[in-house]
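*Asks:* Sequence:
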Amino acid sequence: MRPRLVALASMLAAILVIAAPAVANAAPRHNRGLTINATPNPILAGEGVLIYGQLRGTDIASQPILLYHRLAGFPRFTLIGRATTDSHGFYEFTRAEGVVLTRRSWFVRGPGHTHSRTVHERVQALVTLASSVTSTDTNHPIVFSGHVTPDHRFQRVLLQVQNANGTTWHTVKVGRLDAASNFSISQRWRTPGDRVVRAVFPGDPRNNRGESDPVTVTVQQAQIPDFTINSSSPIIGFGQPATISGTLDKPGTTTPEPDTAVNLCSRTPQQNQFTCGAATTTGDDGSYSFPVSPTSNTMYLVKTTLPPNRHSARLFEGVQDVVTMAPSATSTQVGQVVTFTGTVTPDKAGELIYLERQGADGKFHAVEVRRVRSDSTYQFAWKFGNSGTAVFRARILGDGTNVGSASPPVTITVAPAPVATLPPAS
78 MRPRLVALAS MLAAILVIAA PAVANAAPRH NRGLTINATP NPILAGEGVL
128 IYGQLRGTDI ASQPILLYHR LAGFPRFTLI GRATTDSHGF YEFTRAEGVV
178 LTRRSWFVRG PGHTHSRTVH ERVQALVTLA SSVTSTDTNH PIVFSGHVTP
228 DHRFQRVLLQ VQNANGTTWH TVKVGRLDAA SNFSISQRWR TPGDRVVRAV
278 FPGDPRNNRG ESDPVTVTVQ QAQIPDFTIN SSSPIIGFGQ PATISGTLDK
328 PGTTTPEPDT AVNLCSRTPQ QNQFTCGAAT TTGDDGSYSF PVSPTSNTMY
378 LVKTTLPPNR HSARLFEGVQ DVVTMAPSAT STQVGQVVTF TGTVTPDKAG
428 ELIYLERQGA DGKFHAVEVR RVRSDSTYQF AWKFGNSGTA VFRARILGDG
478 TNVGSASPPV TITVAPAPVA TLPPAS
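Numbering-wise (the working numbering), the sequence shown opens with residue 78 and increments by one.
Just so you know, the hints here were simulated from the structure itself, not pulled from any lab data.
Predicted, not measured: the structure shown is a model, and the values here were computed from it.
Here a beta-carbon is modelled for each residue, glycine too, at the ideal position from N, C-alpha and C.
Among the hints, erroneous ones may be present.
Claimed, not checked - Pair by pair, the computed Cβ-Cβ distance ranges are:
1) R233 - A356: 48 to 56 Å
2) A256 - A356: 58 to 66 Å
3) S408 - S322: 45 to 53 Å
4) T330 - T215: 20 to 28 Å
Construct all of the structure, not just a fragment, from the sequences and the given hints.
*Replies:* Laid out in structure tokens, this is it:
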């Protein structure tokens, strides 16, 4: 399956006849004597493309085929390649990885007056995103930085945050790319919890809209100096343990308060108030600790059992989903389908899950989306359009109950295939 990517502008209509073999004002009218197809289409910027087709009629062997392209925003078609048909009239052109970075149109011309239709290649911009820290306190800024490929200097980029239940995104900041197509946007939050953040390039006539792989950051309430609380790991895997610990000092001092009973209180996303449970006594240095193993995101605080009532700041503990993925094959040919199947733990039936492919920038980008089945399994089917090595993983986003996660990546080796075995061109 090819990615469902939305084109934001159509290519200019081809209306003029070829003016010369090397350069043309526009593609000629298709006379059905020559077919063409481009695969994959659409692509991630920098992905390789195979252009192929067949010359029809008589005397079709060993005939010259000329490939023309026109880049988005340019008025003229340019000759970029020559090939020769085989004994059945088939031809092919390979555009290597790192070449096709922007939208373009293709057509081919054969002997006599044969020429193909025009194929419009859609190309998604690549967007990367990284955060300056993965955990911070409320009202402390986090800097989100990244890059857009290809160069889109001085254009807009959107910083978006997923809503609490994981169903929609909203824009919190708008930034501008610099002269090197990099961006840096600062954002802070007033309340604790996890935040799922992505960067979006809205698209333009040169490239389709591009979205970064989201990053998750945890925001903790600022500490109360004389009653601290921390986690051994602010985000844990499903079923994994953590330790909540801290120090109780005498009010307004740094002097430890030993032998004081304290309770661990917690609240899950489904609860409206904190419930207190486990109790312990502070040590000689005022320290305390509680082992925990939550199965969903949980807010914790610790409070004294006896008056005067005192409590720590709220502490967010995130629990990641666990995603597995296995391919039906690790080697295949162009034009063949590989099926990716896996599971999500805990149960995420009905939620969106993404198939991500590693782009030319070395980062993962969503190329397909499905819903998790009723038994918390999923399946993707991917048809390979070009040869080489492809790296995939499955990604589910946080939903308020759990922090999202990705499967370990899998690598697929794709070998070339005879043109005659590929889907028919038109």
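*Asks:* Holds or violated: 45 to 53 Å for the Cβ distance of S408 and S322?
*Replies:* Holds, at about 49 Å.
*Asks:* Confirm or reject the claim that T330 and T215 have a C-beta distance inside 20 to 28 Å.
*Replies:* Since T330 and T215 have Cβ atoms about 24 Å apart, the given range 20 to 28 Å holds.
*Asks:* Is 48 to 56 Å a correct range for the gap between the Cβ atoms of R233 and A356?
*Replies:* holds (53 Å)
*Asks:* Does the Cβ distance between A256 and A356 fall inside 58 to 66 Å?
*Replies:* Cβ of A256 to Cβ of A356: about 59 Å, so the range 58 to 66 Å holds.
In summary, this structure violates none of the numbered hints.
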